[in-house]
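S.K.: For reference, the chains in residue letters:
4 protein chains.
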Amino acid sequence: MNITQLGEARFPSPIKRTVSDNLSVPEHIISNKQKVGKNNLNFELAGPREKLYFDPAKTKAGIVTCGGLCPGLNDVIRSLYLELTHAYDVHEVYGFKWGYKGLLPENDAPVKLTAEFVDDIHKEGGTVIGTSRGPVDVEKAVDNLVKMGINILFTIGGDGTQRGGNALFQEAKKRGHDLSVVGIPKTIDNDVAFVSRTFGYLTAVEEACQVLDRAHIEARSVENGISLVKLMGRNAGFIAAGATVASQDVNFLLVPEVPFKLDGEGGFLSVLKKRILDRKHALIVVAEGAGQDLLAGKDAGRDASGNLLLNDIGIFLRDEIVSFFKNEKIPVVMRYIDPSYLIRSSPANAEDSILCDLFARNAVHAAMAGKTGLVIGYLHDKFIHVPIELMASEVKELDTAGFAWRAVLAATGQPERFE
Amino acid sequence: MNITQLGEARFPSPIKRTVSDNLSVPEHIISNKQKVGKNNLNFELAGPREKLYFDPAKTKAGIVTCGGLCPGLNDVIRSLYLELTHAYDVHEVYGFKWGYKGLLPENDAPVKLTAEFVDDIHKEGGTVIGTSRGPVDVEKAVDNLVKMGINILFTIGGDGTQRGGNALFQEAKKRGHDLSVVGIPKTIDNDVAFVSRTFGYLTAVEEACQVLDRAHIEARSVENGISLVKLMGRNAGFIAAGATVASQDVNFLLVPEVPFKLDGEGGFLSVLKKRILDRKHALIVVAEGAGQDLLAGKDAGRDASGNLLLNDIGIFLRDEIVSFFKNEKIPVVMRYIDPSYLIRSSPANAEDSILCDLFARNAVHAAMAGKTGLVIGYLHDKFIHVPIELMASEVKELDTAGFAWRAVLAATGQPERFE
Amino acid sequence: MNITQLGEARFPSPIKRTVSDNLSVPEHIISNKQKVGKNNLNFELAGPREKLYFDPAKTKAGIVTCGGLCPGLNDVIRSLYLELTHAYDVHEVYGFKWGYKGLLPENDAPVKLTAEFVDDIHKEGGTVIGTSRGPVDVEKAVDNLVKMGINILFTIGGDGTQRGGNALFQEAKKRGHDLSVVGIPKTIDNDVAFVSRTFGYLTAVEEACQVLDRAHIEARSVENGISLVKLMGRNAGFIAAGATVASQDVNFLLVPEVPFKLDGEGGFLSVLKKRILDRKHALIVVAEGAGQDLLAGKDAGRDASGNLLLNDIGIFLRDEIVSFFKNEKIPVVMRYIDPSYLIRSSPANAEDSILCDLFARNAVHAAMAGKTGLVIGYLHDKFIHVPIELMASEVKELDTAGFAWRAVLAATGQPERFE
Amino acid sequence: MNITQLGEARFPSPIKRTVSDNLSVPEHIISNKQKVGKNNLNFELAGPREKLYFDPAKTKAGIVTCGGLCPGLNDVIRSLYLELTHAYDVHEVYGFKWGYKGLLPENDAPVKLTAEFVDDIHKEGGTVIGTSRGPVDVEKAVDNLVKMGINILFTIGGDGTQRGGNALFQEAKKRGHDLSVVGIPKTIDNDVAFVSRTFGYLTAVEEACQVLDRAHIEARSVENGISLVKLMGRNAGFIAAGATVASQDVNFLLVPEVPFKLDGEGGFLSVLKKRILDRKHALIVVAEGAGQDLLAGKDAGRDASGNLLLNDIGIFLRDEIVSFFKNEKIPVVMRYIDPSYLIRSSPANAEDSILCDLFARNAVHAAMAGKTGLVIGYLHDKFIHVPIELMASEVKELDTAGFAWRAVLAATGQPERFE
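Note that the protein sequences, when read in sequence, are chains A, B, C and D. Residue numbering for the first sequence follows the working numbering, starting at 96 and increasing by one per position. Residue numbering for the second sequence follows the working numbering, starting at 96 and increasing by one per position. Residue numbering for the third sequence follows the working numbering, starting at 96 and increasing by one per position. Residue numbering for the fourth sequence follows the working numbering, starting at 96 and increasing by one per position.
Calculated from the structure, these hints are not laboratory results. A quick note: this is a predicted structure, and the numbers were derived from the prediction, not measured. Take the hints with a grain of salt, since some may be wrong.
When chains are identical, the list treats them as one kind, so a pair holds in a single copy or across two.
[To be verified] Keeping only pairs whose Cα atoms sit at most 30 Å apart, straight-line, the calculated DSBU-like set for lysine-lysine is:
{"no.": "1", "residue 1": "Lys491", "residue 2": "Lys477"}
{"no.": "2", "residue 1": "Lys242", "residue 2": "Lys155"}
{"no.": "3", "residue 1": "Lys368", "residue 2": "Lys218"}
{"no.": "4", "residue 1": "Lys269", "residue 2": "Lys218"}
{"no.": "5", "residue 1": "Lys268", "residue 2": "Lys368"}
{"no.": "6", "residue 1": "Lys356", "residue 2": "Lys424"}
{"no.": "7", "residue 1": "Lys207", "residue 2": "Lys218"}
{"no.": "8", "residue 1": "Lys375", "residue 2": "Lys155"}
{"no.": "9", "residue 1": "Lys356", "residue 2": "Lys153"}
{"no.": "10", "residue 1": "Lys424", "residue 2": "Lys268"}
Generate the whole structure from the sequences, applying the supplied hints.
M.R.: Following this line, the structure appears as structure tokens:
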């Protein structure tokens with residue numbers, strides 16, 4: 096579509112990264128066996144299929160939630176149950192307790208889900224079937240799934256969980272047991288490839304905004320007040336960036352995708368000093384995975400799932416700022432806030448509730464059609480099927496050349512780089 | 096991408112509308128002068144351009160908000176101002192008062208926006224520059240814009256507002272006055288073509304959910320309690336559908352896109368009666384534009400903007416339900432709730448704040464590049480340029496064959512049709 | 096205690112109702128067999144007694160909720176249950192369904208309460224055992240209570256409910272059946288004598304404030320915007336006054352305790368007109384029982400409990416305002432909001448949760464000690480025992496000569512009288 | 096008033112602290128020159144006086160906020176300003192910046208308050224005139240107050256602030272300068288004598304409840320989850336106790352008023368272990384001043400106001416619990432949450448807004464009447480005048496023999512003592 100142009104544009108823009116008029120977006124992006132270039136993957140559209148693989152009357156399904164809390168887990172559990180029972184007449188649905196360890200027969204027995212059990216669970220945060228970190232003992236778990244006659248397993252979790260789900264399916268296949276493993280990607284950080292927005296992310300941004308509002312008040316109510324808020328984001332700064340743009344009160348945002356220097360003229364501490372002298376308060380947001388290079392040499396170990404533990408950039412930064420201003424003989428009032436537990440245990444907001452419902456129902460459709468080894472993805476407002484291996488092999492990060500990051504720079508007024 | 100399939104799917108699905116495995120979604124949908132079929136429109140991608148048309152030092156911009164309230168209006172005003180001043184060094188930005196009537200010199204003078212004026216406005220609902228319904232007096236308005244030296248006008252409003260903006264640009268062109276008119280689509284109903292989500296919509300869904308929660312409590316706390324909630328949606332039921340899926344407490348949803356019968360065996364009242372007898376309470380949501388055929392013969396007139404006024408389906412339905420159960424000799428407790436004013440005057444939630452920021456900044460980019468007669472659109476998570484005439488010629492409705500409506504049916508358990 | 100005085104005060108105060116330095120408040124107000132003047136009633140302090148009248152092992156208790164919804168009903172039910180079971184080892188506790196009609200054997204059977212049943216009920220509004228309006232059939236109800244072996248009945252409701260409770264106790268006494276009836280006063284309007292604050296009142300004020308905030312935005316966002324909000328308060332304007340002082344955005348408050356004229360120079364409409372001309376917007380709050388004299392001659396009938404129905408002052412006032420400005424040829428935008436159902440169905444806020452817990456536990460103490468025919472009162476932060484007849488014979492109204500009303504006048508800036 | 100008694104109560108109560116029927120509460124507690132015993136102090140009732148001491152036209156007032164943040168500070172500032180200007184026609188009102196240091200001429204100049212400045216400030220937390228800790232330099236401050244011609248100073252702060260205010264008044268008196276110093280007690284902890292409820296306390300309880308809800312979810316969603324929340328309360332556990340009763344989800348509450356042992360059979364850790372083994376999760380609340388004896392020998396120093404800094408019982412307890420369970424070889428998931436900054440920077444809720452308004456207006460009445468050296472108190476729902484020295488000489492603590500603490504024991508089910 097041509098857009099009327101008043102005349103030739105001729106003044107240089109002050110903005111560095113710009114977009115050519117030649118780029119366009121098609122209205123319809125779903126195509127039928129579309130011929131595409133090598134780099135354009137094509138994904139199966141999710142949704143109910145004409146034929147089922149499993150006979151509903153003989154099907155038993157299980158659900159497991161793994162890893163850290165995330166708003167919406169109970170919404171997903173509830174909609175999985177409702178779609179299985181109401182739409183497909185599958186009535187044996189089990190919630191395995193406390194994450195993957197619940198797949199083992201020696202641990203707490205699974206809960207048989209009922210309409211009464213799931214009735215109001217979407218109104219509270221956390222997961223009613225419990226969660227834990229840690230890998231699955233594949234052989235013992237499959238022994239138990241076979242013994243229980245489970246045909247479908249929904250794995251709600253992050254990368255590690257999904258890789259575990261893949262191993263379960265492979266092992267079941269070896270044994271000739273039909274097991275559909277369908278993953279629902281869970282990462283509050285929103286850093287999964289082929290999923291434009293993971294459930295819980297928007298709720299986290301909304302909750303984080305409220306924290307930023309309070310932190311801003313703390314900073315503004317004292318002379319030279321500095322509030323430093325650490326937000327979730329191990330590998331990607333989506334929550335921190337979203338909250339920064341939504342709040343419009345943040346002065347500095349530090350994310351994993353953009354390395355920064357603390358010292359020197361263009362370094363973060365100098366720029367912060369300038370702001371304190373000019374404005375007498377500052378609000379800083381740091382994503383937990385930012386600036387890990389500054390913490391080099393400090394090995395923080397691994398958690399129960401084997402994830403590398405991060406050194407705590409929040410505490411480090413707080414201490415660096417305090418000692419910097421002490422040296423500069425500028426009295427400041429420092430407030431450090433780490434609201435992670437309060438954010439991730441929130442119930443889902445309305446938009447996330449909708450997203451959870453759709454992820455869950457599409458997962459059921461895929462499973463009932465006999466698909467396995469996949470995770471439900473979400474691209475361009477469409478739900479899709481993504482092979483587990485593919486999703487697990489890619490990561491998603493903030494595009495610091497894109498409009499979202501430009502919005503961060505505009506909202507904070509911070510320089511492009513601290514260097 | 097191929098998805099592993101356990102074997103041939105062979106049982107019939109109970110679900111009617113299904114999706115073939117052949118459909119796929121490409122990863123990348125932005126293309127360069129892409130060749131597309133006739134039916135696939137292509138839109139210019141929004142964003143800052145390499146060259147500006149307007150010299151910032153000599154540019155004066157105006158902002159006008161028209162029509163009903165919508166969460167996020169102040170966020171848009173604020174980000175327009177900040178992008179103009181901080182990114183482009185345009186410092187004369189006026190807020191015209193009370194909608195289009197503010198363009199006329201005899202009415203309240205425009206406010207010159209300042210950093211202090213806009214500082215905290217995004218934290219409250221409504222519009223700080225005021226709004227009104229009603230068309231613009233094109234000739235007098237352009238006289239005044241020319242006299243004031245306004246080069247850029249941002250029109251925040253619905254269809255009628257945008258058509259008015261187009262007329263202003265055409266008239267200015269006739270007079271040889273460079274006027275870039277860039278529209279930002281405002282409809283809480285989310286019913287604008289080429290905009291997958293309008294600002295304010297998600298906030299409205301979230302606020303509506305809280306109302307539904309209360310209405311559900313009202314119904315459940317008395318014997319045969321019926322709560323009827325009327326939600327916004329003149330031509331499309333997006334808010335009502337979104338809130339229904341998010342809430343999961345709604346038993347019946349009536350929207351403009353799906354006609355319904357009240358009487359007879361499959362009619363709405365019979366189905367409602369069955370539920371009351373079975374469960375002793377019901378929560379009904381009706382979008383304001385639903386069932387207009389039932390009100391035929393009652394001419395409700397037009398509002399100040401010339402929009403057809405709708406007969407009030409909420410009041411009508413309430414009365415029909417009450418007299419139906421009276422006839423049936425079933426005592427019911429009826430609660431009718433119309434929360435529209437409370438919802439639309441809410442401040443924007445976090446996600447809408449982000450959306451407003453991006454709509455606004457992209458509008459500034461388009462205007463500074465000298466584009467005119469366009470509205471900022473938003474498709475597949477991309478901001479685009481849409482000619483005003485094109486947007487004004489199309490409408491967007493709920494796709495009752497799509498997954499969103501299927502989610503409504505699953506959440507309510509209601510039949511596909513009341514007929 | 097003497098307060099240092101700088102010197103003799105000698106300028107006249109602009110404030111009319113003032114307080115003498117001679118008035119004082121004692122620190123301790125609980126006394127033992129205190130001798131007091133005729134006008135100073137003394138009430139027994141509530142709390143656990145040294146001896147019980149009922150043998151816990153043989154005691155059966157019932158709970159009934161009557162009348163309109165009020166925040167905190169579920170908190171009261173839950174704490175009654177927990178105090179009975181945990182503190183006194185009474186394990187047979189029944190929730191009668193749907194108000195007093197649940198006492199009759201032909202209606203829905205009572206629910207036997209359990210720890211699981213009450214676990215999370217305090218987190219939602221309404222009443223889990225249901226409510227209704229309407230008197231109790233005393234003879235049949237006592238027949239049934241005797242048959243069921245109920246010794247203790249907690250009646251949660253307003254005046255009528257408590258009078259009903261008294262009748263039940265008197266009838267049981269006639270039959271020689273030990274029945275302790277202990278009332279917990281429930282009126283969202285806060286208009287009960289000998290109760291300085293009823294549960295649910297503060298939550299209602301808080302919810303009403305949010306409505307006022309939105310109504311204020313509606314008024315301010317259009318030229319000559321008038322928002323009229325009707326709040327609860329049949330006989331007393333406590334909610335409306337509390338919300339007015341808390342919000343600080345209200346321009347005019349109309350309550351039952353202060354009659355007002357609409358017409359004439361000092362009438363409400365003239366004063367409103369002046370404000371609209373000066374400030375272009377106004378926010379008006381009217382309590383539902385205000386201005387009933389203006390509606391004289393219109394008989395609105397009675398509800399199922401036999402309460403006089405009020406003519407709707409909100410609708411009346413809205414129409415009067417609209418036609419007044421039409422006559423004055425001043426275009427206004429009128430918004431009428433009646434949020435009653437949304438407010439009363441709210442869950443209790445923190446302070447009300449605490450209050451409910453204490454009302455409930457003190458009711459259990461009174462009942463276990465064998466007291467009957469009483470209602471739990473709350474004066475000067477102390478819980479007390481009030482005979483039902485005494486409470487039912489008095490009303491509580493706003494003291495328009497006191498500090499609370501002075502706060503209203505200060506917050507609104509309205510004249511003392513519209514006359 | 097006599098309460099009907101069914102018969103003689105004769106079973107022993109399981110509850111230890113009980114109340115005699117002989118205790119009574121009078122209806123009216125305000126008396127005129129009441130004769131009272133030695134132990135019953137009598138306080139002047141606050142409110143507008145018939146005569147003013149200061150001539151409004153010649154009066155200049157100042158406001159200062161000191162110490163930590165507390166919800167409602169801006170409400171107080173706003174109502175002080177509005178009462179001074181609207182009710183008394185005092186138009187020179189200054190906000191001293193950053194606490195007591197703002198009284199010194201070398202620091203940031205005071206802000207002259209205006210209607211526009213205070214318009215919306217009550218809708219946000221913190222203090223718009225800033226605060227700080229630290230004593231006042233009495234001589235230099237009085238020099239400056241005399242030079243500025245300030246006659247009235249409102250001091251909003253805790254004990255130290257009020258003692259400072261007293262010193263200012265004494266010094267001004269020595270110099271023959273009429274200075275009315277009227278304090279408004281500010282302590283989020285609610286631990287001030289002669290004030291039954293300080294502003295900000297209820298908001299803190301409400302905010303704390305939301306934190307407890309999230310902490311409860313954290314604990315419940317993992318196997319052997321323990322959430323430990325530290326709440327404000329240096330000398331008294333009012334916030335922690337209020338939130339515990341309101342939330343009903345807390346299992347253990349530790350406050351300064353009740354010492355506790357960690358080790359041994361009846362010690363806290365043993366009781367916690369029992370719960371974890373039985374129920375697999377626990378929610379613990381600790382007030383910041385609890386268990387200071389356990390931290391003996393660790394000197395935490397003093398803050399800028401000279402207050403003793405507390406050793407951090409939260410961190411200590413977290414570490415003790417973790418190592419205890421490690422020794423016991425019971426794997427637990429520990430979450431430690433310290434939400435203080437998020438709570439205290441909240442805007443006031445509705446009830447606190449009302450309280451702030453009344454404290455402020457009564458402070459203005461006292462000052463205009465020429466009273467000085469006093470603080471506004473609040474007993475039995477009455478506002479009173481308390482000499483600064485008296486208030487500063489007493490403290491208020493939880494009455495662990497009273498009904499509020501009994502409510503805590505009932506809500507948590509914890510033993511009376513951990514010993």
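S.K.: Determine which of the earlier numbered hints do not hold for this structure and return their numbers in increasing order.
M.R.: 4, 5, 9, 10
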